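Using the sequences and the accompanying hints, generate a full structural model.
Number of protein chains: 2
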Amino acid sequence: MVNIKYIFFDIDNTLFPTSEFSELARKNAIRAMIEIGLPIKDSNKLYLMLLKIIEKLGSNSDQHFTQLLRELKIKNPSRYIAAAIAAYHNTKTSILPYPDVPSTLLNLREQGYKLYIATNGNAIKQWDKLIRLGIALYFQDVFVSEEVGIEKSKEFFDKVIVFLNIKPEECVMIGDKEENDIYPAKESGFNSIIRKDKYKKNQKSLANFIVSDFFNLLDIIKKL
Amino acid sequence: MVNIKYIFFDIDNTLFPTSEFSELARKNAIRAMIEIGLPIKDSNKLYLMLLKIIEKLGSNSDQHFTQLLRELKIKNPSRYIAAAIAAYHNTKTSILPYPDVPSTLLNLREQGYKLYIATNGNAIKQWDKLIRLGIALYFQDVFVSEEVGIEKSKEFFDKVIVFLNIKPEECVMIGDKEENDIYPAKESGFNSIIRKDKYKKNQKSLANFIVSDFFNLLDIIKKL
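Order-wise, the sequence lines are chains A and B.
Residue numbering for the first sequence follows my numbering, beginning at 1 and increasing consecutively.
Residue numbering for the second sequence follows my numbering, beginning at 1 and increasing consecutively.
If you're looking for bench data, these hints aren't it; they were derived computationally from the structure.
All values derive from a computational prediction rather than experimental measurement.
Glycine included, C-beta positions come from ideal geometry on N, C-alpha and C.
It is possible that some hints are incorrect.
Said to hold, decoys possible - Derived coverage of chain B by chain A (criterion: at least 3 residues anywhere in the stretch with Cβ under 8 Å from a Cβ of chain A; other residues may be distant):
(1) 73 to 83
(2) 121 to 132
(3) 136 to 142
(4) 186 to 194
So this is what it looks like as C-alpha cells:
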C-alpha cells in the first residue's frame, strides 16, 4: 500500500461556491444599473437576457453588459456599464471559501502533505481567486491549463507528474467535475475524491470517495 | 448681472485626491507581489521601476505590472500579476471624495443649481469613479471627452453649451488644472473656480476664484 503525499485541488465549486457568487454578481450588476437610472426596471427580464448573452458570448467574454445595453438600445451606455462592472467586481472580489476549506488546508500542511492546484482557465483569473480567498500560500505550486498548455486531461496530469517528478499513485485529485477532475486524473493513475452537494451524493462516480464537505478529508485521505 | 445656474465639475483631484490614491494603489500592489513571494523584496526599487514603466507606457495602459515582471525576468508571472491587480483594484475601488464634496453637492442641488461633470478620459473609467465615490446621482449629466469627441478645450465647452442649450455666462467650471479646466472654459465664456492645495493658493490663476476646499463654494458662486 502506498501512502498519499500529494494532494491536488480544483478551485471552482471545490474550494468556494463559484456558481453562487457568479449568480449574485450578475444580479447585483443588474440592480446597480437600475439604481443608476436604467429605464428598464424589470430585473428578472434583464437577468434572463443577460444569461442568454453569456451563453452566446461564453462566460469569459468581457462584453456581456455592453451587449445587453446594445440589445436594449441604450445610448451613451457608459454609466450603466460602469455601474454593472463595479457591482459585479465588488461581489466577485468578496468571494469566501467554503467554511471547511481554510482549516482543512492548514491541517493537511501540518500533517506534511504537499498541496497543489490543478485548474482549467486563465492563469491570472485563477490566481486572483486564490488570493481573494486568502488561501494562495497553502499551495506549493499552481497548475493552470493556460500555463500547462492543455486543459485538464490525462496529458495534463501526466505533464504535472513529470514536472514534479512524483508518482501518480502517491497523488489524489479533489474536484467537483467527473469529466474534468476525476476521469482524467484516474486515467493518469491518480486517486480521486469528488465534492458533491449533499443532495447529489447518491449519484455514481468513478472517484474513490464522494464527499459533500472537507471536514473529514484527512481521515478519507488516510484510507486511500 | 447674470446669475449662475449651471455648475460644471472636473473629477480627478477636484472631487477626490486622485494622485494620493494612485500612489497608494501602486505601493499596495508592490507589497502584495512581495507578500505572495516575489524574489525581489526591495519595494522602493520596485516602485521606482514601476513609475518609469508608467511614464513609458502611459498611465492608461493595463500592462504596467506585466512589463515590470518582464523586466525582472520572472517566469510564470501570473501569481504576481494577480496579486498586484487585486491589491491595486482594492485600493482604487475604495476611493473617497474630499470631505467637503458630498455635502456641497447636496447643498447646491437643494439651492436649485444644475450640476454637471466635464472631464477628460475614458467614459467607463470616469463613471466608475463617480459611482465608487457615491456621488453619481447628484449630476444631471456627465460630459466625458471620449463621448464628446474632443478633450477639454474651447470646442468641448462650446459643444456642451449647444447640447444643453444654455448660456456660458450662466455657467461656472470648477477644476484643478489651469490648462484643462480654467483656460478653455474661460475661452468659451464660462466663469471658473480653481481648486488648489492650500500651499499653492498664492500661485496666479486666470480663474475668478481660487479655493482650497468647497466649504464656502455656495457663497463664492453667489458672488459671481
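Hints, verified against the model:
Look at the stretch 73 to 83 of chain B against chain A: 6 of its residues bring a Cβ nearer than 8 Å to a Cβ of that chain, three or more, so the hint holds. Counting residues of the stretch 121 to 132 of chain B whose beta carbon lies closer than 8 Å to any beta carbon of chain A gives 9, which meets the minimum of three for the stated coverage. Interface restraint, the stretch 136 to 142 of chain B with chain A: holds (3 residues with C-beta to C-beta distance below 8 Å; minimum three). Remark: the stretch 186 to 194 of chain B is not confirmed as covered by chain A, as 0 of its residues place a Cβ nearer than 8 Å to a Cβ of that chain, below the required three.
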